[in-house]
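Can you make the complete structure from the sequences, with help from the hints?
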Amino acid sequence: MQIHRRFWSLVPVLLLAGCGGDPTPVPEPAAQLDPPPAGAGFQLKTGTFEVPAGTEKQDCYFFRVKDLAAGGGLDGNNPVYVNRVQINQAEGSHHMNVFRVRTIVGLDPANGVVQEGTNAMGECFKSSNWADWPLVANSQIDGKLDWTFPDGVANEFQPDEWLMLQTHYVNATTQGTPSGEGNVRVNFWTTPKEQVKDLLGTLFATKQSIRVCKSNPAPSYDGTCQFGSANPVNIIGANGHFHSRGKEFDMFSWDGVSIDKPPAADRFYTSQTWDEPPMLISPQLNTVVPPNGGVWYSCGFQWEMPAESVGCAGLDAADKQMAGDCCYTFGPQVDKNEHCNIFVYYYPKTDNINCF
Amino acid sequence: MLPNPSLLFLAFVTTTALCACSAPPVEPADDAGIVGACKLPYVGDPNAPMEMDIITLGINGKIATLSDGSDITLMFPPQGGRVVFAGVRARNVNPCAVRIAGALRDPLSKQVSLDNRIVNLEVIAEGYAQSDRGDISTFANVSACPNHWSSQDLMDVPYEITVSLTDIDDHKVTKVLQVTPRCNEPGQIGGCRCQCDADYTSEMICSGLPVDAGADGAP
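Those protein sequence lines, which keep their order, are chains G and B.
Residue numbers for the first sequence follow this note's numbering, beginning at 117 and rising by one.
Residue numbers for the second sequence follow this note's numbering, beginning at 2 and rising by one.
Derived from the structure by calculation, the hints contain no laboratory data.
Computed from a predicted structure; not experimentally measured.
Glycine residues also receive a C-beta, built at the ideal position from the N, C-alpha and C atoms.
Treat the hints with caution; some may be incorrect.
Only some residues are given here: those of chain G computed to face chain B with a beta carbon under 7 Å [claimed, not checked]:
| hint | residue |
| --- | --- |
| 1 | 337 |
| 2 | 340 |
| 3 | 344 |
| 4 | 346 |
Encoded structure:
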């Protein structure tokens, strides 16, 4: 597993884009990622789309597994087993998630395979629409990933399953999209069923009842989520997601019964950089969680004045509680909202787990 | 492990780029106020021990004080699933930036689900400070369902609830009670009983997903 950072391509961007008002923006090239060879896997892709200045774009793309498999030269009538994930996105991605579609609420592939949202408007922005959709793969701002699971570990997909690729690009105050265009490509490489020893499971946990307010400027939120396994499980992928008021994000291996925060020695993930959160993956990450254990996670925030373009008036207007306390509340818009989400990949799978 | 030289250079370039063209400092806006200015008064006697009851937010926003043997409603929160809203009513406490730690424990397996958070309490007329009935973020949102963690159904059998309150001066009080979670929120009973069943798996389609949590996608 490797994370590819296009270091040298970033240097001129930093030098030139570091000063506001630079007359010659340096656009990033569109995502470049060839699909796997026929019979070796398949690709999910979005094509190029515009992300104009001052906008946040969040679009949902639907794919049926049998169609993807057949397009990749595989048997579309049988399950496929994915053991390598590659992600490549044009710069400016805030996040990208791939989910399995479960209960249909407001997002239905029958309504179109592409459903767009802009500036928090549209069904693709409403988390209630995918509340029970298990996570399959994700990336954050870095936007690039090449991860081969440990030998014998694979994620199983049924032919009739729908997958939803959700891409969120931001071209606003706290984050930019230099080229003004987004583009996402995701490769799923497959392995024969006979070579699979353990299935991969995912765990998604979120704190949505959160507020970062002027009168309570340094809140923190802790939560837990169990794997429900009578045997030890191996955590082989993890990343946390919050926005710019986030100061420290931690995850710990947890025994499932203690109500005291686990010791530092059990911490397997920490992030103090909201805009470049670590995406830990195997082989660097391989944390064993004891039987009946789980993950303890913690998000610490520090309130700060909102951007001038938003102001406390903008935050107050977006606060459903109308507290008038200049609060950042849960939501997708990076200038106005906060998050506290964890994405964990593990094996052997007990279930795909969501904790609210 | 030594830092990657490329990343070190990237940090240098970033720092240089930012320093070379730093903008003048932004003056705080008039409405910035004093950062961290929780202006709530101390509630009660600072020389007396802190007192606390566990309260819960139930149907129609009704607050109930819990005692041993109480029922507690599994509520359908905006984020989905089912939670127990575990809050506090306290006195002899500084209501600013208190830590509320709530936990629900399966008495058979000893497995626990918990939520800890730092909040300001609401000062109420009777000489107490408490979790604000109009603000669910001032209650521990203890995630109960989907039931991935308990060895038994999460409804209609006894569980143990633990709530601790710690104020900014590190005064702490903890209470432990036996309660019985109930799927009794009108209109949400079927989905609750499905998600809270001991045999729940993510392959099951339970009704009662959030209807509209608003434009608040995750992440």
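For which of the previously enumerated hints does the structure constitute a violation, in increasing order of number? 4
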